[in-house]
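Quick mapping for you: the protein sequence lines, in order, are chains A, B and C. The opening residue of the first sequence carries number 1 in the numbering used here; numbering runs sequentially from there. The opening residue of the second sequence carries number 1 in the numbering used here; numbering runs sequentially from there. The opening residue of the third sequence carries number 1 in the numbering used here; numbering runs sequentially from there.
Take these hints with a grain of salt, some might be off.
To give a feel for the contact side, a few chain B residues facing chain A, derived at Cβ under 7 Å [to be verified]:
#, residue
1, Arg25
2, Leu290
3, Asn295
Read the hints as simulated data drawn from the structure, not as lab findings. Remember, predicted model here, so these are calculated numbers, not experimental data. For each residue, glycine too, the CB sits at the ideal point set by N, CA and C.
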Amino acid sequence: MKRIIPMWIAIIGGFAMMLSSFVPLAESAGEMFADVFNVVAAIAFVLGAGSLAKQHLEKLSRRDAGWGYSIITLGSFLITLFIGLLKIGIHPNPSFPQAAYSGSNDAEGSAWSWIYEYMITPLTSTMFALLAFFVASAAFRAFRAKNTEAILLLVTAFIVLLGRTFAGVVLTGWFPDWASGLRLENLSIYVMQVFNTAGNRAIMIGIALGVAATGLRILFGIDRSWLGGGDA
Amino acid sequence: MSGGNVNSTNASARPWFERLDRVDRRWIFLLMFLAVSGPILWIGVTGKTLPEAPTLAARAVFQEINQLPARSLVLISFDYDPASAGELQPMATSLVRQCAAKNLRMVFIALWPLGSQVAQQTIQDVIRDDYPALKEGDDFVNMGYQAGNEAVMKLLLTDFAKAFPKDSRGEATSNIPILKDVKMVSQFPLLISVSAGYPGSKEWVQYVISAYNEKMNFVTGCTGVSAPQLYPYFPQQIAGLLGAIKGAAEYESMVNESLAVDGVATAPKYLQAQRRMGPQLVAHLLMVGLIIVGNVIFFARKRRGAA
Amino acid sequence: MRITHKIPRRIVTNQSCKRVAAFVFMLMCYAGAFAFETRGDGSVPIAPTARIVVAQNTSTPPQESATSTPVAVSATPARPLFNSEKTALLLWIVFIGAAVTVSVWLAKSGRPIRIRRIAALEAVDNAVGRATEMGRSILFVPGIQDMDNIQTVAGLTMLGRVAKTAAEYDATIEVPTCRSLVMEAARDTVRASYLSAGRADGFSADRITYITDDQFGYVAHVVGSMVREKPATCFYMGCFFAESLIFAETGNAIGAIQIAGTAESSQLPFFVAACDYTLIGEEFFAASAYLSGEPAQLGTLRGQDVGKFAVGVLIVLGALASTILIVTPNSAPVVWFFDILQKVLGG
Numbered sequence: 001m002k003r004i005i006p007m008w009i010a011i012i013g014g015f016a017m018m019l020s021s022f023v024p025l026a027e028s029a030g031e032m033f034a035d036v037f038n039v040v041a042a043i044a045f046v047l048g049a050g051s052l053a054k055q056h057l058e059k060l061s062r063r064d065a066g067w068g069y070s071i072i073t074l075g076s077f078l079i080t081l082f083i084g085l086l087k088i089g090i091h092p093n094p095s096f097p098q099a100a101y102s103g104s105n106d107a108e109g110s111a112w113s114w115i116y117e118y119m120i121t122p123l124t125s126t127m128f129a130l131l132a133f134f135v136a137s138a139a140f141r142a143f144r145a146k147n148t149e150a151i152l153l154l155v156t157a158f159i160v161l162l163g164r165t166f167a168g169v170v171l172t173g174w175f176p177d178w179a180s181g182l183r184l185e186n187l188s189i190y191v192m193q194v195f196n197t198a199g200n201r202a203i204m205i206g207i208a209l210g211v212a213a214t215g216l217r218i219l220f221g222i223d224r225s226w227l228g229g230g231d232a
Numbered sequence: 001m002s003g004g005n006v007n008s009t010n011a012s013a014r015p016w017f018e019r020l021d022r023v024d025r026r027w028i029f030l031l032m033f034l035a036v037s038g039p040i041l042w043i044g045v046t047g048k049t050l051p052e053a054p055t056l057a058a059r060a061v062f063q064e065i066n067q068l069p070a071r072s073l074v075l076i077s078f079d080y081d082p083a084s085a086g087e088l089q090p091m092a093t094s095l096v097r098q099c100a101a102k103n104l105r106m107v108f109i110a111l112w113p114l115g116s117q118v119a120q121q122t123i124q125d126v127i128r129d130d131y132p133a134l135k136e137g138d139d140f141v142n143m144g145y146q147a148g149n150e151a152v153m154k155l156l157l158t159d160f161a162k163a164f165p166k167d168s169r170g171e172a173t174s175n176i177p178i179l180k181d182v183k184m185v186s187q188f189p190l191l192i193s194v195s196a197g198y199p200g201s202k203e204w205v206q207y208v209i210s211a212y213n214e215k216m217n218f219v220t221g222c223t224g225v226s227a228p229q230l231y232p233y234f235p236q237q238i239a240g241l242l243g244a245i246k247g248a249a250e251y252e253s254m255v256n257e258s259l260a261v262d263g264v265a266t267a268p269k270y271l272q273a274q275r276r277m278g279p280q281l282v283a284h285l286l287m288v289g290l291i292i293v294g295n296v297i298f299f300a301r302k303r304r305g306a307a
Numbered sequence: 001m002r003i004t005h006k007i008p009r010r011i012v013t014n015q016s017c018k019r020v021a022a023f024v025f026m027l028m029c030y031a032g033a034f035a036f037e038t039r040g041d042g043s044v045p046i047a048p049t050a051r052i053v054v055a056q057n058t059s060t061p062p063q064e065s066a067t068s069t070p071v072a073v074s075a076t077p078a079r080p081l082f083n084s085e086k087t088a089l090l091l092w093i094v095f096i097g098a099a100v101t102v103s104v105w106l107a108k109s110g111r112p113i114r115i116r117r118i119a120a121l122e123a124v125d126n127a128v129g130r131a132t133e134m135g136r137s138i139l140f141v142p143g144i145q146d147m148d149n150i151q152t153v154a155g156l157t158m159l160g161r162v163a164k165t166a167a168e169y170d171a172t173i174e175v176p177t178c179r180s181l182v183m184e185a186a187r188d189t190v191r192a193s194y195l196s197a198g199r200a201d202g203f204s205a206d207r208i209t210y211i212t213d214d215q216f217g218y219v220a221h222v223v224g225s226m227v228r229e230k231p232a233t234c235f236y237m238g239c240f241f242a243e244s245l246i247f248a249e250t251g252n253a254i255g256a257i258q259i260a261g262t263a264e265s266s267q268l269p270f271f272v273a274a275c276d277y278t279l280i281g282e283e284f285f286a287a288s289a290y291l292s293g294e295p296a297q298l299g300t301l302r303g304q305d306v307g308k309f310a311v312g313v314l315i316v317l318g319a320l321a322s323t324i325l326i327v328t329p330n331s332a333p334v335v336w337f338f339d340i341l342q343k344v345l346g347g
């Protein structure tokens, strides 16, 4: 029973979403299922927060390696929650001056805005910037001319890497107009718009058909492995 | 900075290419740090930027905005967060600047939780600082973030006010002058998305543009890694495309050129993309160098193996 | 190299009944939606798109036309039962659905199905075995999207298989998740896998944890735990974005064997460069059918290939027609054929 009910919810929801695309009268049914998902996901936040708290409290109580970080995690979690819920430093909406909590969290000068600007922005930007370092290390290790395909990949990489910067203009900008198609900046555009587009379209068609087949497997109840496998 | 798991005696006995191949990756990280930080400092001191030759995709973005009549409605979706702001913020700044300069009416929305904050920051930096005559509610409005990803897009097809019932200030959509007559997304002749992933440009194409391809145009700016995924949609579904900081720099140079005033230097905040092309140039050259070194190692090892 | 799954003939009863029931439920949904939309007096509300829009002020300058005031006139056309603009799309869905259903039926009737060997899936058992031998854990990352993304569902399918093998080998599996709902679903999946492996006592819900919805906060946690705990095997199965290379490079640095699978085409090059095995796009969705070996599931792969063949034929025909049209722009039969082709494709 624990698997039959979720399976039928998936089947009904899936067909309703499909119908809502084709039948105008069923549009609201599709919207309703999307809303239901959002509500369920929001409720699951409580479970997620509970899991996070449990995980770090246990780490603290056991004095596991790095337990100090758990204090920072829990502290940050509680402070942000407190600031967000109580709307610290936010003035009421001018339209509703009597309502203390009517202001928006986005308002300038609010505590939440401060957290956003001075904590979230630098922290997440730093993590994203790590990509530059990992790309360099991966390029050093992975781009080896092992066979014909790898050589083609290498040549393409050089064209795009140089063509996407001023280096391409410096190296091949002197090519006469009749050979302008061979300038690196033009070649890189050609590679992106022709070879890349062709390859990507093929992959996308394959993925789309894969998604359709997977969707049908789930809708028909053929594939129940996402419920833990086995018979319903 | 030596490889912790490499025995030092054995390491010295290895041929040069083996040692080079097993070099601690932190040396590569250090090289990348120098390759990026050097040009940043140099450009910061000298203020010089590299020239840009706009490509077709970037020119198309400029043209799509430029051809709109004044007071046209533009929907601008901020589908990114501060993590990718380094790559996407310069193009968002230039897009908003061109729209403001053209006196277009801008409606900002966000499908990413922190996108609303990024939009607010852009409004502050561009509109409030440089176009103070534009009034919130009449000329622009930030509708804030709405959860639901594609569901929000689908809702926009039929009922804008239902998808965004109030703006980021808490004002009801029905009371906002700029949105008084807006019932659905197809009433916007132009949709702009600055996108870092999901939900973003691809979903806008699949759920909105495919339904209204003839009524509304769509231009987008995206991160470097997602650009190859979007090229298949250009120019049919996506009328103009800015790929990564390179696309942003090309577009920024066009906007700056169109709004240049004799004797007045362009503010540094409107040169961010072009300034970042310097570090990008050196970083790309470093990567080319690393790939060459990697292949020298590969062939040296192959020759030794053959001998 | 090809391997052949010989399918035994089976009597089809249970599944067919369920499919019929699914169809009945579909009709019920439709009826429910109709009832939900229909007003109490039986009339049907007007869709915004069906309203007749008239510009109030015809003297409005041209530049204002895009924003001129639309007025809903009291005409009450009934909402169409079907969105005819999407006929081509519906026909394609019916075609793919029919191809899949026929293939499933053929597979069940005992027709052998040849499936290309997928190296990444063949390596799953070895990768789990390696973790057991080394006495280290297995890390499974189910992507960073929620349960409404089909890639997450496909990732959990793989998780079920990996967890079952891990339970049989008595290896530890860690699953940090980026969404609360995925955490709950992953717990159910792993629990069921441990049960089916006869190791219910080995299951620990605490190893499947929620970290944060924030992309890079999640990345920081996962990468940190990888560096500290050095898992022997890392699986990345689901929807990934910029974090793909960070995960894969960190896994490479700690010497883990890595198997990835995603349908995000922009992230595939990173996984291919840094992982030992990668399930590319449709292979990722085929994984559950491939691993199950069930005729019904394998049949869907054949149906998928039929769809791919049809798309390939249309691409070739379209390319040929376009080329002929460029060479001979006034060729009436080609123009007619091109027009038909566009209609078939919904363009």
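The hints, checked one at a time:
no. : hint   : verdict
1   : Arg25  : holds, 5 Å
2   : Leu290 : holds, 4 Å
3   : Asn295 : holds, 5 Å
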